[in-house]
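Could you put together the complete structure from these sequences and hints?
Listed here are the chains, written in short residue letters.
Protein chains: 4
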Amino acid sequence: MSLKVGLIGYGTIGKRVADAIMLQKDMELVGVTGHTYNYKMEVAKMKGIKIFAMSDKDEFAQICSTSTRDCIVPEGDVNNLLDEADIVVDCTPKKVGKENKEKYYLPRNMKAIFQGGEKHETAGVSFVAQCNYDEALGKNYVRVVSCNTTGLCRTLHPIEKHYGIDSVHATMVRRAADPWDIYHGPINAIVPVLELPSHHGPDVQTVLHNVNIFTTAMSVPTTIMHMHSLTVDMKKEASAEDILDLWKKTTRVRVVRNAEKVRSTAEIMEMAKDLDRIRGDMPEICVWEEGIGVKGKKLFYLQAIHQESDVVLENIDAIRAATGFKDGNKSIQMTNESMKVNGF
Amino acid sequence: MSLKVGLIGYGTIGKRVADAIMLQKDMELVGVTGHTYNYKMEVAKMKGIKIFAMSDKDEFAQICSTSTRDCIVPEGDVNNLLDEADIVVDCTPKKVGKENKEKYYLPRNMKAIFQGGEKHETAGVSFVAQCNYDEALGKNYVRVVSCNTTGLCRTLHPIEKHYGIDSVHATMVRRAADPWDIYHGPINAIVPVLELPSHHGPDVQTVLHNVNIFTTAMSVPTTIMHMHSLTVDMKKEASAEDILDLWKKTTRVRVVRNAEKVRSTAEIMEMAKDLDRIRGDMPEICVWEEGIGVKGKKLFYLQAIHQESDVVLENIDAIRAATGFKDGNKSIQMTNESMKVNGF
Amino acid sequence: MSLKVGLIGYGTIGKRVADAIMLQKDMELVGVTGHTYNYKMEVAKMKGIKIFAMSDKDEFAQICSTSTRDCIVPEGDVNNLLDEADIVVDCTPKKVGKENKEKYYLPRNMKAIFQGGEKHETAGVSFVAQCNYDEALGKNYVRVVSCNTTGLCRTLHPIEKHYGIDSVHATMVRRAADPWDIYHGPINAIVPVLELPSHHGPDVQTVLHNVNIFTTAMSVPTTIMHMHSLTVDMKKEASAEDILDLWKKTTRVRVVRNAEKVRSTAEIMEMAKDLDRIRGDMPEICVWEEGIGVKGKKLFYLQAIHQESDVVLENIDAIRAATGFKDGNKSIQMTNESMKVNGF
Amino acid sequence: MSLKVGLIGYGTIGKRVADAIMLQKDMELVGVTGHTYNYKMEVAKMKGIKIFAMSDKDEFAQICSTSTRDCIVPEGDVNNLLDEADIVVDCTPKKVGKENKEKYYLPRNMKAIFQGGEKHETAGVSFVAQCNYDEALGKNYVRVVSCNTTGLCRTLHPIEKHYGIDSVHATMVRRAADPWDIYHGPINAIVPVLELPSHHGPDVQTVLHNVNIFTTAMSVPTTIMHMHSLTVDMKKEASAEDILDLWKKTTRVRVVRNAEKVRSTAEIMEMAKDLDRIRGDMPEICVWEEGIGVKGKKLFYLQAIHQESDVVLENIDAIRAATGFKDGNKSIQMTNESMKVNGF
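Chains as they are written, first to last, in this note's numbering: chain V, 87 to 430; chain X, 87 to 430; chain Z, 87 to 430; chain D, 87 to 430.
Note that these hints are calculated values from the structure, not bench results.
It should be emphasised that the depicted structure is a prediction, and the values quoted were computed from it without experimental measurement.
Among the hints, a few may not be true.
Because identical chains share one entry, a pair is satisfied inside a single copy or across any pair of copies.
[Said to hold, decoys possible] List of simulated lysine-lysine pairs, DSBU-like, C-alpha gap at most 35 Å:
{"no.": "1", "residue 1": "Lys347", "residue 2": "Lys184"}
{"no.": "2", "residue 1": "Lys334", "residue 2": "Lys180"}
{"no.": "3", "residue 1": "Lys321", "residue 2": "Lys383"}
{"no.": "4", "residue 1": "Lys131", "residue 2": "Lys347"}
{"no.": "5", "residue 1": "Lys322", "residue 2": "Lys180"}
{"no.": "6", "residue 1": "Lys189", "residue 2": "Lys335"}
{"no.": "7", "residue 1": "Lys426", "residue 2": "Lys347"}
{"no.": "8", "residue 1": "Lys381", "residue 2": "Lys322"}
If you want it as structure tokens, here you go:
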């Protein structure tokens, strides 16, 4: 019998998680919440997704455009949605998840998956499937970490396991806005995060508890992917080939190659579109075969992160972990297969 | 029995036309040509598309990376591909189509579809399916016009038919490079085409023979869509509602709405990705419901063109027209349906 | 005896007008207002400009950084500034000028110059020096129109005078944010103004009362200049050379040339920096010699507008006009000379 | 008696060095070379700079536009320029300097200053004035290192001297094209340099011979400044305040402050324009007061580099060093004063 999943917050991540849930054989999407009328609501309706109002049913009998010509009649309100669900995925903006937990999920004693915008404490467990699936097993609340933290964990985890890590520094060059977002700049500048080291390092430690990591962050005028430059002081020596072999065997890490003319974040996303996945997403963390360097025990590498999609996989696995599905590797394989990830 | 189609030039347009051919019930893709090793070739191979070398078979026994580790063994050369094909679609860069015509298609007396980079004279017929399908019927050579010309023809054609056109001026604000293209700028400038009126006007007249049109063009630092600003001096008065109704009934024109929060080219492409078409393409010309203005007989409107995909539809219809499929409307409908265009 | 000028609002335009006032032999800058601590205030202090608090002297004894380490002690408040001034230039953001008029200038019966963000009605006279200097003569309130309107007026005015204008359409391709502004996007999109025709046309008519003009506007991801594409239906025929000759004789219009490798807005601004004016500004409206086209009575041209500086000249002339300096041409010449404009 | 300096290559760096030479009391600019007609030549002529043809006088009697309407008559050819000069600054593109050395400077036994595009071996001495002025004293050939290397040397040198350096890693986030350059992308992507560690590290060691430095580089779609993220393993502990104090006393390093609302490369360049230096340049390396972090002996910081101007200062000092001016500090002070650098 399939698991009934409710989804709160139908934005950049939420709409992807909704589609991913619909692709799982062991899950069923009860519906999603909406609170403003827009094209995302119209497309959801077209896809046959049930829409619930993120407020009282009476007040929001309709989700309408401000110009009021167009409306969507929701199936009910958020409580109706939660009534039908076994578990909920909360994809609302930063801090709203915590409010929803207190208002809706705690009183109902309902399991919930949160996103990286929430604090670790809100869930108690921070999660990257291939690193610490078991920590989330049977838990009421699980927090999928941010796209950047997920990316750092996926590539650092095997290095730590095989060669040991003394310390890591990552410079995170972030896309300043998502592709649809016309509101945020900069258009022609680099904007540093003036907190050194930045808060991203400690966030990695909520998953990889023993990795000594420092981070520096900045935003640049691009919309498609983040880029990380990493230096790792390893405990044991390894060659660039050793590291490459390790990542080739690591799930949800994709080795891309300049030899194939994948030279930039733009060509990664073009390749992703060619691969015919939903929305042309690239949920794997991409490392360049030609972008791995070793000097003694120092490892240097570059990785690209598709901020819109990498955590979608984690949300699916977190649902299984929280609801007691014991085999983490099996869950990862099921999710990968459904999303055409890593050779499927 | 299905039509065997060969494809020469597997780039931005070529790879899309190849996928579109594979979606047609009355067509079969014989294969595509390649001449450098890259991710597009690897993805084609993964999709089961036969690859032929764009040179002598002996010389190009393999299509290899310059770092020579990776190769693709082609099925044969371009002549082998053409031997098996009933018709060929040439998606090579500007001027190469003409060379290919003389070297390959003319000697074989083979039907060929060319792109807008070629001159009108190379084909003799320039083509936008919904405007002049019949002109291409049974012709040996048909030229699908450029993305910009296609966009202008699709929205102007019904205006001309219903209200008549005295003259048109279009300012074409062009994306400076395709999304994958990291080589071309500008990064922070507007670059005018210093030819006024520009050559785009006469190109429209190769399809809409009687429309008196002038054009001005410039490039801006964006990769996703062109935008056209048009002023039309109509022969008869029409209201903005009349024009809107006309376009709602026009195939391959999509009315987008600010009311749905589609406010920019970015949100159009985001919506296209949500619609789950291949590569997140938007082959329809997009006009804003709220972006139509009328003052007396003067009509003002804005349209957005997805430069990578609008002409893909035309290529499919041109194949049918050239090979004698008589019913243009039926062809358009078949193509639309296969590509999920306009409500399908 | 020199005219004492106060300046309210020390932002993008205000700081330039302040510097320009200091360059005039017949003017003296009393001081400027500030209300937040930032680098602009520090530079003003370094330049010896007196700073006044935009609030009560007691409340704002200091203009301090929110981190409170750094402060500037103002000379007094806005009332102290106005006490010493003969006339005020108000460079505050949209609508604040109107509030300031009612709160400060009207009660004091003080002459004031406003910017294009205010409505025409706030001043009663809208102003482009070379078009309607005399209209502003001796007036209490004068509104310098926006950078875009100023640009349209400067190049259209001589066309109207010499050849007559039936109608004009301008597509205004606007820089989405100023160079310093890291807050506004889009980063990779074109954002249309969904009002057709847009409000810019009627604004031109506040200066060129009889020009029948329609406008369409959009924003693009660049920070340095606006670009306008114009089509003019002239009453009399003129050749491209005639128009070029006309503009060569028109003040504050600069003919730039592709022959000199000035091919884009980027190269215009690079040339401006080479010319060693303050801030590398380009207050002249730039038209391309190679970007003028004529078909019968239809004229097509392209112009580039430096949004940060073109209106600075107008502010200086407006001060003279409002205070009764009768000779408009002489004022224009004095301003040009001080700012190294047009051959000085 | 003043030193006669010739300048070869009047591009982005060359035109700035020419202006800087003209500002020195102990130097005189003989002239510059040109080989294509453009606005830079026209502005040089307007500034009274003598122009020489970069070829035989007879062949290049004129430097003309390809459209041939406009020409500049040079004073002579490159040999005439060198005849009058005591020393030459070569600002030609990569590798041309080496050719010029062999063709012109060696045969004449003429002292020459080269730029960072040339290899270290071409000059034998690589130069950052405040790090190794004495190494260049009296040398025939001196190489001013690249903008990036200059930036790294200026801030690392005092750290090395006061606290010692075990190792450094720098991630260099580079502006992809200069402000005037409309030809190079990317428009919306991050392009990594797939060489790890990159060649920039060894280049630093041509100046700071004992610093163990590794570098990673990438390009991003901005035109105005590079940004470096550094991690330094120091030999001795130091607090963030210690480091800040050190840099406040370091010439050609400028501490910028978020407290003053200098939050990005855009606001740095806006402040530079307000400071009214030629072209709005910022030749100092900028570090953020709020962007220095220390954890034990690990130092993290961010710096911004104005790629067009930082090395201009070094060229002036290199002229003095090569011609035997013994007091490096005095030279630095003279240069700073003339260019309004560091409080002058």
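Q) For Lys426 vs Lys347, is the C-alpha pair at or below 35 Å within one copy, between two copies, both, or neither? A) Classified as both; 22 Å inside a copy, 31 Å across copies.
Q) Taking 35 Å as the upper bound on the Cα-Cα distance, should Lys189 and Lys335 be classified as within, between, both, or neither? A) neither (43 Å within a copy, 48 Å between copies)
(Q) I want to check one pair: Lys381 and Lys322. Are their C-alpha atoms no more than 35 Å apart within a copy, between two copies, both, or neither? (A) both (12 Å within a copy, 23 Å between copies)
Q.
Checking an output row: Lys347 and Lys184, CA cutoff 35 Å. Within, between, both or neither?
A. Between copies only: 28 Å across chains, 44 Å inside a chain, cut-off 35 Å.
(Q) As a check of your reading, is Lys334 near Lys180 (CA-CA no more than 35 Å) within one copy, between copies, both or neither? (A) Answer is within: at 34 Å inside a copy they meet the 35 Å cutoff, but 39 Å across does not.
Q: With 35 Å as the alpha-carbon cut-off, assign the pair Lys131 and Lys347 to within, between, both or neither.
A: Between copies only: 16 Å across chains, 39 Å inside a chain, cut-off 35 Å.
Q. When no copy is specified for Lys321 and Lys383, does a C-alpha distance of 35 Å or less occur within a copy, between copies, both, or neither?
A. Classified as both: same-chain Cα gap 7 Å, cross-chain 19 Å, threshold 35 Å.
Q: Check Lys322 against Lys180 for me: Cα-Cα at most 35 Å, and say if that holds within a copy, between copies, both or neither.
A: neither (39 Å within a copy, 40 Å between copies)
This entry does not satisfy hints 5 and 6, going by the numbered hints stated previously.
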